[in-house]
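Novice: From just these sequences and the hints, can you work out the full model?
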Amino acid sequence: MAKVVFTTNLRRHVECPIVEAEGQTVREVLRVVFAKNDRLRNYVLDDQAALRKHMTILVDGSRLRDLVGLSDPVKPTSNIYVLQALSGG
Amino acid sequence: MGQEILVSTRKGLFTLAKTRKKWAVSKGDFIGDNVTLTLHDRRDDTTYAALNHGHFGVKLHRKTNGGAWEELAAPAYPAKPEGLVDLDGWGKPVNWTTQMIWTLEPGSDGELWCGTMPGGLFRSRDRGGSWDMIHSLWDMPERNKWLGGGADIPGIHSICVDPRSPKTIRVAVSCGGVWTSHDGGETWACKAQGMRFDHTPADVADDPGTQDPHMMVQCQGSPDRLWVQHHCGIYISRDASESWQEVKNVPPSSFGFGVVVHPKEPDTAWFVPGIKDEKRIPVDGKLVVTRTRDGGKTFDVLSKGLPQEHAYDLVLRHALAIDETGDRLAFGSTTGGVWVSEDQGESWQNVTYSLPPVYAVRFA
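Order-wise, the sequence lines are chains W and U.
Residues are numbered in my numbering as their position in the first sequence, beginning at 1, plus a constant of 4.
Residues are numbered in my numbering as their position in the second sequence, beginning at 1, plus a constant of 44.
Think of the hints as simulated: they come from the structure by calculation, not from any bench.
Just so we're clear, the structure is a prediction, and the values are computed from it rather than from any experiment.
Wrong hints could be hidden among the right ones.
As the list claims (entries may be wrong) - With a straight-line Cα cutoff of 25 Å, these simulated DSS-like cross-link-like pairs (lysine-lysine) come out:
| id | chain 1 | residue 1 | chain 2 | residue 2 |
| --- | --- | --- | --- | --- |
| 1 | U | Lys341 | U | Lys330 |
| 2 | U | Lys136 | W | Lys57 |
| 3 | U | Lys55 | W | Lys57 |
| 4 | U | Lys320 | U | Lys330 |
| 5 | U | Lys348 | U | Lys65 |
| 6 | U | Lys66 | U | Lys330 |
| 7 | U | Lys55 | U | Lys71 |
| 8 | U | Lys107 | U | Lys55 |
| 9 | U | Lys71 | W | Lys57 |
Specialist: Dropping the structure here:
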């Protein structure tokens, strides 16, 4: 299962421990995570379920490219980091 | 009479309280976070706070008196239909996501109304626990003419629920004019006739559907009277927004953002002027409040207690407030100053010069 780590800056607002989840894409993995943590979804995704404008996701060191569909592939051994982007200041 | 004032700032929510005839900051909430607006709903003694985290989006919190803050689901836009090309008045794609909670107002019974950027209007019937978009307004083709003004995207910043009939709702949009519903939000009509831009070509200057009313208020005791601080001046309506007339010859300037009207005296309104749109600072470095008591025929320029040298305070649209008595006013500035008046603006007490930039001031 992929490991998902959220920025520590999020912990001030919403519980988000490191979790493991299955999925072939970032979208699928996050769907599993958010199913158990609905509040967290709205901190990471916008109303259209796209990645928020000033957030970024790293999958094994590569930045997410499909910011709307989150279709970037994930391996069972992948490390996924959900971070705030510097574009947000 | 309200004994607390809620000051929303770039770095937290600060409560002002009066002790021994002096106003002071009594506590802070959400310190470090961007609080854009509050509402204290007297019907059930509940306070709402809107936050806008730069990275994590717009959030809404609620606190019942004596309780703790709890996060609610913020108003959210519906899924954008696949393939829909939805452009704003500038021709830019509209992002169907709440990007700012720009106004919160009580409605009838337990209702709450919420105006947002990029232009969605929402209603809650469960104290903000859930929100329904008013699709009749969002789905109008005229909405695609709405423009960002100041902000990059359009938004609803003023909601006036008519005290005679809660089914009559007026909203003001920057930049999209004034829209009125008489059936609880089922149908809408543009009611900005008479407003005018003074810097655009003549053939679009008086288009009601793209006007930029910075703020709209309604006199509770005389609801046919509304006031608007517009991007290009001050407007008054004496016929419940059916028509608007410009108020001219306002000293020292008619540019500004906020306006409040006395709750019982429709001819009495207050403003905090700046020089003009490309110079959003007080005229001559002197911070003043202007007040009319005769429906805009004449104005008093009020400065007692306000800085009169090198003052560069700008007062944003929700940062000027009046309480239910009509005697007490308060305002906060983008440079972190807050002032309170107990005598209808004749004199002002400075509470602080050192808060973060002030976005909104409301009496609790």
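Novice: Looking back at the numbered hints, which does the structure fail to meet, lowest number first?
Specialist: 9
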